[in-house]
Amino acid sequence: MIALFTAIIVVLGLVPPIMLTLVPVPIHAQSLGVLLAGVVLGARGGALSVLLLIALVAIGLPVLSGGRGGLAIFVSPTAGYLVGYLPAAFATGWLSDRIARRAESGWRSLAGFFGAAVVGVLLDHVFGVAWLVASVGLSPINALIGDLVFVPGDLLKAAIAAYVGRFVLVNFGNRARVSRNPG
Amino acid sequence: MDILFDKAEARFSGRVVLESLSLRLSERRIGVIGLNGSGKTTFSRLINGLVLPAAGRVLTNGHDTALAPAKARAAVGYIFQNPANQIVLPLIRDDIALGLQRRGLGKVEREAAIGACLDRVGIAHLAGRRAHELSGGEIQLAALASVLVTAPDIVIMDEPTNQLDLRNRNLVERTIHALDENVIVVSHDLSLLAAFDRVLLFHQGRLLADGPASQVIAAYRDLAA
Amino acid sequence: MMIAEEQHSGLLAHVPPGVKLAALFGLSLLLFLVRAPAGLGALAALVGLAALLLSPRSVAQWLRAWPLLFTIAVVVLWTTFAESPGAALVALLRLGTLSLFATLVTTTTTIGQFIDTITRMARPLERLGLANAGDIGLAIGLVIRFIPEVRARYGAIADAHRARGLSMRLSTLVVPMVIGTLQSADDIAAAIDARSIRSENPRKKEG
Chain A
1 MIALFTAIIV
11 VLGLVPPIML
21 TLVPVPIHAQ
31 SLGVLLAGVV
41 LGARGGALSV
51 LLLIALVAIG
61 LPVLSGGRGG
71 LAIFVSPTAG
81 YLVGYLPAAF
91 ATGWLSDRIA
101 RRAESGWRSL
111 AGFFGAAVVG
121 VLLDHVFGVA
131 WLVASVGLSP
141 INALIGDLVF
151 VPGDLLKAAI
161 AAYVGRFVLV
171 NFGNRARVSR
181 NPG
Chain B
1 MDILFDKAEA
11 RFSGRVVLES
21 LSLRLSERRI
31 GVIGLNGSGK
41 TTFSRLINGL
51 VLPAAGRVLT
61 NGHDTALAPA
71 KARAAVGYIF
81 QNPANQIVLP
91 LIRDDIALGL
101 QRRGLGKVER
111 EAAIGACLDR
121 VGIAHLAGRR
131 AHELSGGEIQ
141 LAALASVLVT
151 APDIVIMDEP
161 TNQLDLRNRN
171 LVERTIHALD
181 ENVIVVSHDL
191 SLLAAFDRVL
201 LFHQGRLLAD
211 GPASQVIAAY
221 RDLAA
Chain C
1 MMIAEEQHSG
11 LLAHVPPGVK
21 LAALFGLSLL
31 LFLVRAPAGL
41 GALAALVGLA
51 ALLLSPRSVA
61 QWLRAWPLLF
71 TIAVVVLWTT
81 FAESPGAALV
91 ALLRLGTLSL
101 FATLVTTTTT
111 IGQFIDTITR
121 MARPLERLGL
131 ANAGDIGLAI
141 GLVIRFIPEV
151 RARYGAIADA
161 HRARGLSMRL
171 STLVVPMVIG
181 TLQSADDIAA
191 AIDARSIRSE
201 NPRKKEG
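Residue numbers (the numbering used here), protein chains in the order written: chain A, 1 to 183; chain B, 1 to 225; chain C, 1 to 207.
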């Protein structure tokens, strides 16, 4: 289950960028995959799924958006965003577990998942900016300015992740959520 | 082979999928037929413990599927309806090697065992190929090889010829006939089962007919008319 | 996209991956402690020379990773304007050296070696009950195995969109892909159970 989701994250990074409805720039959908992992699989599944992705990158496989991979990614300026996927997926997952458990009506769970996804996006950006500051020596303000460009696209992805998450919850129940013991 | 169903019943979400069943299987070639939703696949999955009985028990070669699942599974090689989902590693050779994990063989012996298995099924030339490149028939045979390598006593195949063209279907049929292991086939392909020793017909969760192939297949035709 | 079969020869291929990774870590620390451009320049030259001598293939690989080099270039340029040329030089030397060394490690280590190293590193974590270290190899294999299938599924969905004249929106493309993949995941999990190929958890007992 987890491994299959990692495959989804990879494929979302490999397929040609899609034009999102509002944003005029084609966007890679990979971070959408990460948010989805959190929403659909929950905290444990989402985190393990991203961990697997990170392992694949470390091994050198071209699994990151655009076919990138290898240890060099971990020392590049954008490494924070990759590593940040992990706490993002975990936090989004943790919040989503709570929301799914309460099984609220239509738009409430949708809003809840969106909130969970936004938290994930924020966390990822925090890690991304932090690494930019640490590795490159940019001042926090300047790093933040560079970072803000990507925020609207990511928020849109959060919305999509919430929508898909809700769909899966309705049609699949909570079966995709990975419990403590994988059995 | 000795499979015993002792008042075994299967349920799914509270609904009875297979009614209380008691029988013994020991024939070399057994066919299982029925309309969709008749419980035939559930029946086959009770044998290796993928489905556990809600009541009663199932003993596969003397092992209770609920109490000794590992031993029950070790005796059975199961081939799923969608064999592509059964090959879990990219290279065919590596996937087949998975079955040898527990035998603790040395490298040379492992290669030999894998090679022998591929030969048996006639796909030695596919050893180094990637799973997603194979055709439907080739994947079916690869799944069979991956299962045979664990030296099971019983091989169960769920709709093995479903998606195959005629040539591949004939290939699979010949391969099945050539197997030494005991084979149980769940299928809609009636001509495949015509030469089998015994055929079971399920209908709406109950065993409707049980006997020689020609007899039971005739009963099925009446049912489906 | 698929990964080529690697046959690694050369001196560095025989160095244990653990050692190489530790060296990478050590180098990172060193690069961040040294502040003077002169010192960084010396380190950069050292690493560059070693790479050229021991594994010219890595240098080629490094040069070919243009998204990475592009990112570094963009960031360095931004730093020149936002901070100072001096800071940009420091950043350039650091990032360049690190990425080259990291590429060196990646290119001289096979997938199999990596998986073994990761599995070994994960063994202590088994006690936390997170997962079986032995399953890591299987999980990695599973991802690689099914990437083409998930890709194909996505392609089929995209084709269906085109055939019906629908515009390609992420929301309508992703849902069927996820649902379909989760259904396959059920089958795959059943097959793994049936074949009993998961690693034995040393803590679990089975009847």
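No lab work stands behind these hints, which were simulated from the structure alone.
Predicted, not measured: the structure shown is a model, and the values here were computed from it.
Hints should not be assumed to be uniformly reliable.
Capping the alpha-carbon separation at 20 Å, the derived lysine to any residue pairs in SDA-like fashion look like this [said to hold, decoys possible]:
no. : chain 1 : residue 1 : chain 2 : residue 2
1   : B       : K71       : C       : T110
2   : B       : K7        : B       : R29
3   : B       : K71       : C       : I192
4   : B       : K107      : C       : I111
5   : B       : K7        : B       : Q81
6   : B       : K107      : C       : Q113
7   : B       : K71       : B       : L171
8   : B       : K107      : C       : G180
9   : B       : K7        : B       : R28
10  : B       : K107      : C       : G137
11  : B       : K107      : C       : D193
12  : B       : K71       : C       : I197
13  : B       : K107      : C       : I192
14  : B       : K71       : C       : D193
15  : B       : K107      : C       : I197
16  : B       : K7        : B       : R57
17  : B       : K71       : C       : R198
18  : B       : K107      : C       : G112
Now the hints, each set against the structure:
| no. | hint | result |
| --- | --- | --- |
| 1 | B:K71 x C:T110 | violated, 36 Å |
| 2 | B:K7 x B:R29 | violated, 23 Å |
| 3 | B:K71 x C:I192 | holds, 15 Å |
| 4 | B:K107 x C:I111 | holds, 18 Å |
| 5 | B:K7 x B:Q81 | violated, 27 Å |
| 6 | B:K107 x C:Q113 | holds, 17 Å |
| 7 | B:K71 x B:L171 | violated, 31 Å |
| 8 | B:K107 x C:G180 | violated, 38 Å |
| 9 | B:K7 x B:R28 | violated, 23 Å |
| 10 | B:K107 x C:G137 | holds, 18 Å |
| 11 | B:K107 x C:D193 | violated, 25 Å |
| 12 | B:K71 x C:I197 | holds, 13 Å |
| 13 | B:K107 x C:I192 | violated, 23 Å |
| 14 | B:K71 x C:D193 | holds, 13 Å |
| 15 | B:K107 x C:I197 | holds, 18 Å |
| 16 | B:K7 x B:R57 | holds, 7 Å |
| 17 | B:K71 x C:R198 | holds, 15 Å |
| 18 | B:K107 x C:G112 | holds, 15 Å |
Violated hints for the displayed structure, listed by number in ascending order: 1, 2, 5, 7, 8, 9, 11, 13.
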